[in-house]
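Fit chain B to the known structure of chain A by using the hints.
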Amino acid sequence: MAPVIEVRDLVKRYRKGTVNAVDGVSFEVEPGQFFALLGPNGAGKTTTISILTTTLGLTSGSVRIAGHDVAREASAVRREVGIIFQNPSLDMNLNGEENIRIHAVLYRLYPYRPLFRLMPKAYRLQVQELAGVVGLGADVFKPVRRLSGGMRRKLEIIRGLMHHPRVLFLDEPTIGLDTASRRNLWRYITDLRKQRDITICLTTHQLEEAEDADRVCIIDRGRVVAIGSPGEVKSELVQETLHIDAADRGALRSRLAALQVPFSEDGHFVIRLDGRSAYDVVRSIDQPLTMLRTKSATLEDAYLKLLAAEDG
Amino acid sequence: MVELNAISAIAGRDLLKFFRDPGRLIAAVVFPFAMIFLLGGTLQLNLGKSAGFNFIGFTFTGFLGMTLFQSTAQGLTSLMEDRLNDFAQELFVSPVSRYSIVFGKIIGETLVAIMQVIPFVIFAVMLRVPLTPMHIALLVPVALLSCFMGGAFGLLLLNTMSDSRASNQIFNFVFLPQYFLAGLISPINVLPWYLAVLSLLSPMRYVIDLARGVVFAGTPQYDRVVLLSPATNIVVLAAMLVVFLVAGTALFVRRETNR
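Line by line, the protein sequences are chains A and B.
Residue numbering for the first sequence follows our numbering, beginning at 1 and increasing consecutively.
Residue numbering for the second sequence follows our numbering, beginning at 1001 and increasing consecutively.
Hints may be right or wrong, so weigh each one.
Said to hold, decoys possible - In the EDC-like style, the derived pairs of lysine to aspartate or glutamate whose C-alpha atoms are separated by at most 20 Å in a straight line are:
(1) A/K305 to A/E240
(2) B/K1017 to A/D91
(3) A/K142 to B/D1014
(4) A/K142 to B/D1021
(5) A/K305 to A/E232
(6) A/K194 to A/E129
Claimed, not checked - Which stretches of chain A does chain B cover? Using the computed rule of at least three CB atoms under 8 Å from a CB of chain B, they are:
(7) 24 to 36
(8) 111 to 125
No lab work stands behind these hints, which were simulated from the structure alone.
Quick caveat: nothing in here was measured; it's all calculated off a predicted structure.
For every residue, glycine included, the Cβ atom is placed at its ideal position computed from N, Cα and C.
Chain A extracted, bound-state conformation:
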């Protein structure tokens, strides 16, 4: 199946810039995948997303979205993508439905009418259905100023989905949201992926949000420093460890040495699993343990290790 996003040797240097904000980035995303673009502030994530969504011109390289070149077929690309921006892009002077209505008209879905009740029936039904799905209900008719941060994000998502995009770009979608709103939003996005088979391209600082991604791409200083599934990236960079302790530490130390298991001591014994199962290691230790826990690598561990290596 042809990739829905193809980025080849992408370079962007801003007019007044002295270095490339994006410096030879390449990646592909398959249809229906959940793809996460990660990196520290200033790494080039938002610049990359802006180019992919046609709001920024590229300096060199090529980008194709759903088969359309972003430089030559910008209008066709815009019809295929939905975007939830890092900074809310709602008009605070309008109500939620009016924001959606402008979007629907700009995306050529419906003719413009100055009042909701004058809009075509199909539009009215679509708005009410989507408002129900995300739990906004009648609040969709409230002034945007009076909606909470979480509700505004949901409103932006409804708006971004009105034209049935093939790719949904989420640029730091949960920034400024409380834990409950963030969890609620991700539940909705996960359901959406299942229902609509939509490709999701996420940038985020909340690395736990990328744990469920099919692929992650970590960029730093405009370059790709790691790409693969979260499992691949983690296993390359961070070891899973087993943490144990015993009343008779001398006996445990001797036993581990006899088993030829690499370990270190840090108030207790830390064993690098190196692909072994924790169960097999524990089963081979024939003495009572006073402590037993495993530590799985997180994407955040991998990410921090990678960035530390880049800085070093």
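Chain B in isolation, oriented as in the chain A frame:
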């Protein structure tokens, strides 16, 4: 047709924002009252006889032209505000032509400016400025041309601004001198040569003079008040409109995509 819908939506948004802003609605009534009743009335009482023309009609046409021109020009800078508030992102990622975005803004701000001058016309009629239905009918195309001119001028200025603070400074610098050079409240029949040159470069001069040409047409005061024939004003404004609109739109589109 598709682009017309987009233009309507962008224009409709501006009109809706105007009607939802109580401050702007109150100002749209208080400002004309102050300018026509207080300023115009005072000037008429003190200078009307010696000037030899109706100062209320003079200030009415001055503020009518100024409001149409300046309101639309300033309205275009809301594209700057949109960009800062990131609503512009929503506009610029949509599959609508950049030209439609600009035209939608100009049409929307034109409608807002026309709403703002309605109280001027009502107060002028109340103060017996001789406005016939024919005058008012002729002022409609004059208002449209003045607003389009203001929109094109605002678009050109927009490309020189980096933020809304710069926008305020540039607007003061650009508009304040025009109040005097365009003869907003005082006649400019006689000017030293260097001010006469600057006056000829001021777009607001042609907008105000065109409004005066319509309102004072057929009156004995016409030659004292009106500087150029309406036809000349229309030709100059049309030429400026084309130049400002083409240059302003091209610069705006280029600046948005080549940041």
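Results of checking the hints against the structure:
no.: 1; hint: A/K305 to A/E240; result: 14 Å, holds
no.: 2; hint: B/K1017 to A/D91; result: 10 Å, holds
no.: 3; hint: A/K142 to B/D1014; result: 18 Å, holds
no.: 4; hint: A/K142 to B/D1021; result: 16 Å, holds
no.: 5; hint: A/K305 to A/E232; result: 14 Å, holds
no.: 6; hint: A/K194 to A/E129; result: 17 Å, holds
no.: 7; hint: 24 to 36; result: violated (count 0)
no.: 8; hint: 111 to 125; result: holds (count 3)
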